[in-house]
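Chemist: Chains as they are written, first to last, in our numbering: chain R, 4 to 151; chain H, 4 to 151; chain Z, 155 to 234; chain S, 155 to 234.
Derived by calculation from the structure, the hints in this document are not laboratory data. All C-beta atoms in this analysis are idealised placements derived from N, C-alpha and C, irrespective of residue type, glycine included. Some hints here could point you the wrong way.
Said to hold, decoys possible - Label pairs and their in silico Cβ distance ranges: (1) Thr-133(R) x Phe-212(S): 50 to 56 Å; (2) Phe-212(S) x Leu-88(R): 39 to 45 Å; (3) Ala-22(R) x Phe-212(S): 33 to 39 Å; (4) Pro-15(R) x His-85(H): 23 to 29 Å; (5) Ala-182(S) x Arg-25(H): 51 to 57 Å; (6) Arg-71(R) x Ala-173(S): 44 to 50 Å; (7) Glu-62(H) x Ala-22(R): 29 to 35 Å; (8) Gly-233(Z) x Ala-173(S): 51 to 57 Å; (9) Glu-62(H) x Leu-224(Z): 54 to 60 Å; (10) Phe-212(S) x Arg-71(R): 38 to 44 Å; (11) Leu-177(S) x His-101(H): 50 to 56 Å; (12) Arg-25(H) x Pro-15(R): 24 to 30 Å; (13) Ala-22(R) x Glu-157(S): 51 to 57 Å; (14) Thr-183(Z) x Leu-88(R): 40 to 46 Å.
Said to hold, decoys possible - Taking lysine to aspartate or glutamate pairs in the EDC-like style, the calculated list, with each CA pair at most 20 Å apart, reads: (15) Lys-117(R) x Glu-67(R); (16) Lys-117(H) x Glu-51(H); (17) Lys-125(R) x Glu-168(Z); (18) Lys-117(H) x Glu-60(H); (19) Lys-125(R) x Glu-51(R); (20) Lys-117(H) x Glu-107(H); (21) Lys-117(H) x Asp-90(H); (22) Lys-125(H) x Glu-168(S); (23) Lys-125(H) x Glu-161(S); (24) Lys-125(H) x Asp-90(H); (25) Lys-125(H) x Glu-51(H); (26) Lys-117(H) x Glu-67(H); (27) Lys-117(R) x Glu-107(H); (28) Lys-117(H) x Glu-107(R); (29) Lys-125(R) x Glu-161(Z); (30) Lys-125(H) x Glu-41(H); (31) Lys-125(R) x Asp-38(R).
Said to hold, decoys possible - Going by beta-carbon spacing under 10 Å, a handful of chain R positions derived as facing chain Z: (32) Glu-60; (33) Lys-117; (34) Arg-119; (35) Leu-120; (36) Ile-122; (37) Lys-124; (38) Lys-125; (39) Ile-136; (40) Asn-137.
Single-letter residue listing:
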Amino acid sequence: MFRISPTPLELPALRAPLADARAGALVTFEGWVRDHNEGQAVQSLEYEAYVPLAEAEGERILAEARARFGLLGAVAVHRVGHLALGDLAVWVGVTAAHRAAAFEACRYIIDEAKARLPIWKKEHYASGTTAWINCATRPGPATAERRG
Amino acid sequence: MFRISPTPLELPALRAPLADARAGALVTFEGWVRDHNEGQAVQSLEYEAYVPLAEAEGERILAEARARFGLLGAVAVHRVGHLALGDLAVWVGVTAAHRAAAFEACRYIIDEAKARLPIWKKEHYASGTTAWINCATRPGPATAERRG
Amino acid sequence: MNELTIEYFALLREQRGQATERLVTAAATPAALYAELQARHGFTLPGDRVRAAINGAFAAADAPLRSGDLVVFIPPVAGG
Amino acid sequence: MNELTIEYFALLREQRGQATERLVTAAATPAALYAELQARHGFTLPGDRVRAAINGAFAAADAPLRSGDLVVFIPPVAGG
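In isolation and in its complexed conformation, chain R is listed as follows (with noise of 0.2 Å):
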């Protein structure tokens, strides 16, 4: 199950799907907005998403991860709006049998996810300015060239 989410995620909610008495492992990542990038200081993020080619192709990636890894369950959540410092961004959950599927299946799930869902980030710098991380092509006061 992939969701694009403009609130904010709950984690009980999300874990909820994910109960499975054949499971042994539960194996989760959290992207959090974090207070630095490349060296500048960050106060907030906003996500926007094209939600609708987001959502497909996010439950590509998640039936890709099931059939490549025999996975139990896999939830993915990201979210949309603007985001302050500490805030939740992305939730992934995996369940297995055993710990090394889980493991790989989420780590491969927010690869692909990073790489391929039409999301994008513009952060908001203490400075002042902001930039859509990865759009840049001038380096230049407000939109100096990033990689995310």
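Let chain R serve as the given structure and place chains H, Z and S on it in line with the hints.
Modeler: Then chains H, Z and S, alone, in the frame of chain R:
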């Protein structure tokens, strides 16, 4: 922070010390009591620990992980006592600026913990028999050779 | 001529100043359409850094456009 | 002769029928002590599958034992 806990693990309390504005990634591992092992139906599990040595060795594992992967935080807690299906037996959570370190460190900690901590597991089977995992030396009705 | 709907996100939305528009154009592929829009609106992203989606699915830069299509240009994603 | 305290866990505790005992013994190393206890109590685990801890720290099988030591034998752990 490594602990052995005779009481049920509470997720919000486990996560609380990991909050850190410098962290971009939290990876957690949960070990759950599952309903089967090596083809036998499991009804419950007992965990027993030599607590002072388990806690000292657990702290050593966390210190190794911190030094090796450049973590921001690391917490691990292992239950002891009689656990039911679905119960949380072990929780590991690590934070780092970036996800690669968090995934690798979380995996390192649980792999080392399973191999090194003086914590033993007794499985109670649907058939009414029990076995201390990895302690059987002669196959028999109540102590069939098992590897966890 | 194709009558298309275009949606913009992120940097493209900000540079266009709006999130959606309708357009009648001779552009027959996403690549041609992006070149036309880039010239008109001054998009800073070069065409080779922008992917296209047609009607909710990723599409090749030289895929055919048809009247009624919804076209979205995908700026580079955040990655890492 | 050493006067030792021994704690048992898991399978050893069950086979011994108690969790702790005090013992005066000529055994000068964990290996010799385990052999003595195995013969007396019928432990099924061979000595080479049991690690030793002395006073809360892992110790070699041929480490010296001293009066007052707390000795724990560590059955194989659950692993996987």
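Chemist: Run every hint past the structure and note whether it holds.
Modeler: Status of each hint after checking the structure:
Checked against the given bound of 50 to 56 Å, the beta carbons of Thr-133(R) and Phe-212(S), roughly 55 Å apart, stay inside it. The hinted window of 39 to 45 Å between Phe-212(S) and Leu-88(R) holds, with their beta carbons roughly 43 Å apart. At roughly 38 Å, the beta carbons of Ala-22(R) and Phe-212(S) sit within the given window of 33 to 39 Å. About 25 Å separates the C-beta atoms of Pro-15(R) and His-85(H), a value consistent with the hinted range of 23 to 29 Å.
For the pair Ala-182(S) and Arg-25(H), the beta carbons lie near 53 Å from each other, so the given range of 51 to 57 Å is met. Take Arg-71(R) and Ala-173(S): their Cβ atoms lie about 47 Å apart, and the range 44 to 50 Å holds. One distance hint, 29 to 35 Å for the beta-carbon pair Glu-62(H) and Ala-22(R), holds here, with the actual separation near 31 Å. For Gly-233(Z) paired with Ala-173(S), a C-beta distance near 55 Å keeps the hint of 51 to 57 Å intact.
Separation of Glu-62(H) from Leu-224(Z) is about 57 Å and conforms to the stated range, judged on CB atoms against 54 to 60 Å. For Phe-212(S) and Arg-71(R), the Cβ-Cβ distance of about 39 Å falls inside the hinted range of 38 to 44 Å, so the restraint holds. Checking the proposed 50 to 56 Å range against Leu-177(S) and His-101(H) shows it holds: the Cβ atoms sit about 53 Å from each other. A hinted range of 24 to 30 Å holds for the C-beta pair Arg-25(H) and Pro-15(R), which are about 26 Å apart.
About 52 Å separates the C-beta atoms of Ala-22(R) and Glu-157(S), a value consistent with the hinted range of 51 to 57 Å. For the hinted restraint 40 to 46 Å between Thr-183(Z) and Leu-88(R), the CB-CB distance of approximately 43 Å keeps it satisfied. In summary, the hint linking Lys-117(R) to Glu-67(R) is supported, as the alpha carbons are separated by about 15 Å, within the 20 Å threshold. Distance restraint check for Lys-117(H) and Glu-51(H): the Cα-Cα separation of roughly 13 Å lies within the 20 Å cut-off, and the hinted pair is therefore satisfied.
Only pairs whose Cα atoms come within 20 Å are accepted, and Lys-125(R) paired with Glu-168(Z) is accepted, the gap being roughly 11 Å. Straight-line distance between C-alpha atoms of Lys-117(H) and Glu-60(H) comes to about 11 Å, which keeps the hinted pair within the 20 Å bound. Proposed proximity of Lys-125(R) and Glu-51(R) is supported: the alpha carbons are some 8 Å apart, at most 20 Å. Taking the CA atoms of Lys-117(H) and Glu-107(H), the gap is about 16 Å. The hint holds against a cut of 20 Å.
Between Lys-117(H) and Asp-90(H) the alpha-carbon distance is near 17 Å, which keeps this suggested pair within the 20 Å criterion. For the hint linking Lys-125(H) to Glu-168(S), the alpha-carbon distance of about 11 Å falls within 20 Å, and the restraint holds. In summary, the hint linking Lys-125(H) to Glu-161(S) is supported, as the alpha carbons are separated by about 18 Å, within the 20 Å threshold. For the suggested pair Lys-125(H) and Asp-90(H), the alpha carbons sit about 15 Å apart, so the restraint of at most 20 Å is met.
Of the pairs offered as hints, the one joining Lys-125(H) and Glu-51(H) holds, with about 8 Å between alpha carbons and a cut-off of 20 Å not exceeded. At most 20 Å may separate the alpha-carbon atoms for a hinted pair to count; Lys-117(H) and Glu-67(H) meet this at roughly 15 Å. Distance check on the hinted pair: Lys-117(R) and Glu-107(H) sit about 18 Å apart at the alpha-carbon level, within 20 Å; holds. The suggested pairing of Lys-117(H) with Glu-107(R) holds, with an alpha-carbon distance near 18 Å, which does not exceed 20 Å.
Of the pairs offered as hints, the one joining Lys-125(R) and Glu-161(Z) holds, with about 18 Å between alpha carbons and a cut-off of 20 Å not exceeded. The hinted pair formed by Lys-125(H) and Glu-41(H) meets the criterion: a straight-line CA distance of about 14 Å does not exceed 20 Å. Taking the CA atoms of Lys-125(R) and Asp-38(R), the gap is about 14 Å. The hint holds against a cut of 20 Å. The interface hint given for Glu-60(R) is met, as the beta carbon of that residue sits about 8 Å from the closest beta carbon of chain Z, less than 10 Å.
Here the hint on Lys-117(R) is kept, as its CB sits about 5 Å from the closest CB of chain Z, short of 10 Å. For the restraint placing Arg-119(R) at the interface with chain Z, the shortest Cβ-Cβ distance is roughly 8 Å, inside the 10 Å limit, so the hint holds. The closest approach between the C-beta of Leu-120(R) and any C-beta of chain Z is roughly 6 Å, which is under the 10 Å cut-off, so the hint is satisfied. Hint status for Ile-122(R) relative to chain Z: holds, with the closest Cβ pair at about 6 Å, below 10 Å.
Using the Cβ-Cβ criterion of 10 Å, the hint placing Lys-124(R) at the interface with chain Z is satisfied: the shortest such distance is roughly 4 Å. Satisfaction of the interface hint for Lys-125(R) is found here, the shortest Cβ-Cβ separation to chain Z being roughly 7 Å, below the 10 Å cut-off. With a least beta-carbon distance of about 5 Å to chain Z, the hint placing Ile-136(R) at the interface is held under the 10 Å criterion. For Asn-137(R), the interface hint holds, since its Cβ comes within 10 Å of a Cβ in chain Z; the closest pair sits about 4 Å apart.
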